[in-house]
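Visitor: Here the protein sequences line up with chains A and B, keeping their order. FYI, in our numbering the residues of the first sequence are 1 to 289. FYI, in our numbering the residues of the second sequence are 290 to 456.
The set of hints was computed from the structure by calculation and includes no laboratory data. Backbone N, C-alpha and C define an ideal beta-carbon position, used for all residues, glycine too. Just so you know, nobody snuck in bad clues.
Derived list of chain A stretches under chain B, where covered just means 3 residues or more per stretch with a C-beta under 8 Å from a C-beta of chain B: (1) 9–15; (2) 49–62; (3) 101–112.
Cβ-Cβ distance ranges computed for the label pairs, FRET-style: (4) B/Gly-372 / A/Val-94: 39 to 45 Å; (5) A/Thr-267 / B/Val-415: 28 to 34 Å; (6) A/Gln-289 / B/Val-415: 23 to 29 Å; (7) B/Pro-407 / A/Gln-182: 35 to 41 Å; (8) A/Glu-198 / B/Glu-365: 26 to 32 Å; (9) B/Val-381 / A/Gly-32: 52 to 58 Å.
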Amino acid sequence: MSFGSPYTTLPDFEYHRPTSLDEALALLKQYGDEAKLMGGGVGLIAFMKERLMSPAHVIDVKEVKELKMLDNAPGKGLSIGSAVTLSELLEGGVLKRDYTVLHEALARVADPMIRRRATLVGNLCEAIPWVDSPPALIALDATVAVAGPDGRRKVPVSGFIRGPVDIDLGPSEMVTAVDIPQAKGAHSAFEKFTGGSEFSLASVAVMVSNGEKNRLARVVYGSVNSTPFRSVEVEEAIRDGITPGSVRKAADLASEKVECVDDVLATAAYRKHLLKVITTKVLRRMMSQ
Amino acid sequence: MREISVTVNGRARKRMIKDNELLLDFLREKLEVRSVKAACWRGECGLCTVLLDGQLVKSCLVLAVEADGREVKTVEGIADDGGLAPIQSAFVSHGAAQCGFCTPAWVLATHELLMSNPHPSDADLVEATSGLVCRCGTYNQIREAVAEVSATRARRQPKESLARAHR
Numbered sequence: 001m002s003f004g005s006p007y008t009t010l011p012d013f014e015y016h017r018p019t020s021l022d023e024a025l026a027l028l029k030q031y032g033d034e035a036k037l038m039g040g041g042v043g044l045i046a047f048m049k050e051r052l053m054s055p056a057h058v059i060d061v062k063e064v065k066e067l068k069m070l071d072n073a074p075g076k077g078l079s080i081g082s083a084v085t086l087s088e089l090l091e092g093g094v095l096k097r098d099y100t101v102l103h104e105a106l107a108r109v110a111d112p113m114i115r116r117r118a119t120l121v122g123n124l125c126e127a128i129p130w131v132d133s134p135p136a137l138i139a140l141d142a143t144v145a146v147a148g149p150d151g152r153r154k155v156p157v158s159g160f161i162r163g164p165v166d167i168d169l170g171p172s173e174m175v176t177a178v179d180i181p182q183a184k185g186a187h188s189a190f191e192k193f194t195g196g197s198e199f200s201l202a203s204v205a206v207m208v209s210n211g212e213k214n215r216l217a218r219v220v221y222g223s224v225n226s227t228p229f230r231s232v233e234v235e236e237a238i239r240d241g242i243t244p245g246s247v248r249k250a251a252d253l254a255s256e257k258v259e260c261v262d263d264v265l266a267t268a269a270y271r272k273h274l275l276k277v278i279t280t281k282v283l284r285r286m287m288s289q
Numbered sequence: 290m291r292e293i294s295v296t297v298n299g300r301a302r303k304r305m306i307k308d309n310e311l312l313l314d315f316l317r318e319k320l321e322v323r324s325v326k327a328a329c330w331r332g333e334c335g336l337c338t339v340l341l342d343g344q345l346v347k348s349c350l351v352l353a354v355e356a357d358g359r360e361v362k363t364v365e366g367i368a369d370d371g372g373l374a375p376i377q378s379a380f381v382s383h384g385a386a387q388c389g390f391c392t393p394a395w396v397l398a399t400h401e402l403l404m405s406n407p408h409p410s411d412a413d414l415v416e417a418t419s420g421l422v423c424r425c426g427t428y429n430q431i432r433e434a435v436a437e438v439s440a441t442r443a444r445r446q447p448k449e450s451l452a453r454a455h456r
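Isolated chain B (complex conformation) (with noise of 0.2 Å):
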């Protein structure tokens, strides 16, 4: 046994954990963050994806004894102030939820998708995302989302710059 420490959602969390033990149960289990699934087990589905100092990884695949000192987000942690982030709401607005099962993982995912790329093409969101799966389909509706995001953007940014050039 050892004790660790990991930054998860802004909060530093210490726990006591075995060497052999995964990073999705110390998240699960330890620390009661459900929004990280836990489903196949072997990095194929996706589902418990996390961020670990700013990079998406399966956390199924990762050792909690690596995340020491380290930084892990989840779903909880990318809105300020307990609202909804864009993405978020679009998933409410095209029911791109179905069982919800898959939900916090994908949105994690397309959040940090259009961060760092705001504007994705249909074959940049297949090449980020094809490594989560969901099994009810809602892919189509999850593109959506991702397209309703991605076009407010792009109409917000001509405004403010236009509002700019007349002050």
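Isolated chain A (complex conformation) (with noise of 0.2 Å):
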């Protein structure tokens, strides 16, 4: 029984099931606008039903082979196709192991009947301010694999995001994986309050790898503002290591330097509080492990 409620329902649309790369970007060059990529389709379907979007074409990629692809090649990083699921990626030791920042940002997303249909590259290509993915993937400094009718390229995640809801991606274009770069010795972390909201109202995503020459530390903050925001003075402030000094001073810079905005989850003086509290907590997390 659908009600007749336009939130039960979906618009009309012809559903298409490519099961090549060739054939999906076929596929987007005929319908461009007109057309919708749909993975696990859970923000799609979602959008669909409050009729945010009402694509003529949904393009389900689930079963196109290339972007089923989990790479984990030694020396060269984790690529991970745009097919993959978040219980895919969660399952695989990796992640915990070399890529903590990303596990423990996924693993708390929605919950496991979800992660078992949602993608990574869905979840980041949706780019709601709230989603917990891209401050993780800014902090480990991954890059979005794009292909088009132009061929292909490569944009950092901290740049795909332009906006809400707004990412560097033409009509015709594809996100075909999310490349994260191997960080030896790296120690990472994510931390998100959400008040018992379904959305993060302030999230952390931390990454301090010890390098021959210098100690990089990259500290990015989520939900707080239109857009993920790393700030250069939190990570300064715990460049020569995470100690309880360097922990306050850098959750009071956190909560003084990164801008916050009001909106229908929070205001930005609650938000500017948050910010200390998980400063605070994700690196005593980290200084005691």
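Using the hints, put the two chains back together into the complex; each one sits in its own frame.
Guide: Here's what the structure looks like:
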């Protein structure tokens, strides 16, 4: 029974299920703006029910074999095809061991049933300011691999997300994978505060690596502004080590320097407070590990 | 319109569908499998949960066309010979259903959990069923039902191996 309500039905569309990347790209070229790509569909189907999107064509990429690849070549890092689900990613031990920040972010996305359908690339491409994968991917210096009629290109995740629901992707282009460089000796973690909401009110992704010459720290905040924000000030505060003193300094700087917005989920002032809390929490946890 | 063929609880079913039809509607309206409940329509309550090729998914977030050529199992399909699965008997003895609306989804999810993890911890149970809600609040009774099935299995296994050792 759909009660005739728009929220329980989907707009009319034609469904396509390509099995190769060439076939998917040909469909995209043919339909362009009229088409939407579907991975797990958890975002697209929900958006279509709300009539936020009414594509004439839905191109399901789940069966595209090139996009199902999950490569972890030694020395090369991790390459995650756009049809790889969050469950598939979480099940392999590699994420937990070498890319902890992403594991911690994804393990708390929705619930296991949703994670069996949802894909990392789908989560990223939604570009909703409150989702958790972008800050973690930026902390890991990940890049997005894009294919289109003019060939292939790579974009850093930080540049790929241009604004709320705005990504650097043409109408005939598609994301084929997310590539994460190998970070030897890296130590990373993720923390968020939801306050019982389904979305994060503030999140933080931290990666620290002990390079031979210089120690690298990346600290990225999510959910507090329209796009993820990397804070050089906080990074500077912990560059010489995570100690009780540097944690206090970093937490104060996060609250002071990271710009926050007022929106339906929380006020900017509350978010400023949360930045201090989650920065302290994540760094203390990293200090004790 | 196109014709799809889906094996539901072991039986091949063919129906004409539109591309924009949800698996939830296909099961409830076209096949009259009414244990699959329609409630929130947005993937939050989990009461439309089914097994699609052995994986628990929320059928309000799956297109019917995606199930073409695949296998769907609902609560009707978990027990053999028209009897009850152990978790179903445990739900009855612990009163784990109040209004009963969410019960099919909970039975299916906890049955699956016990199949893959015979002795789940409380944390395992909470995590595995975090996508389901029960507005009557029978969570404690559900936990007891799962614990009973888990404990029964623990008692049986050593006995069986003892019996084998004596043979």
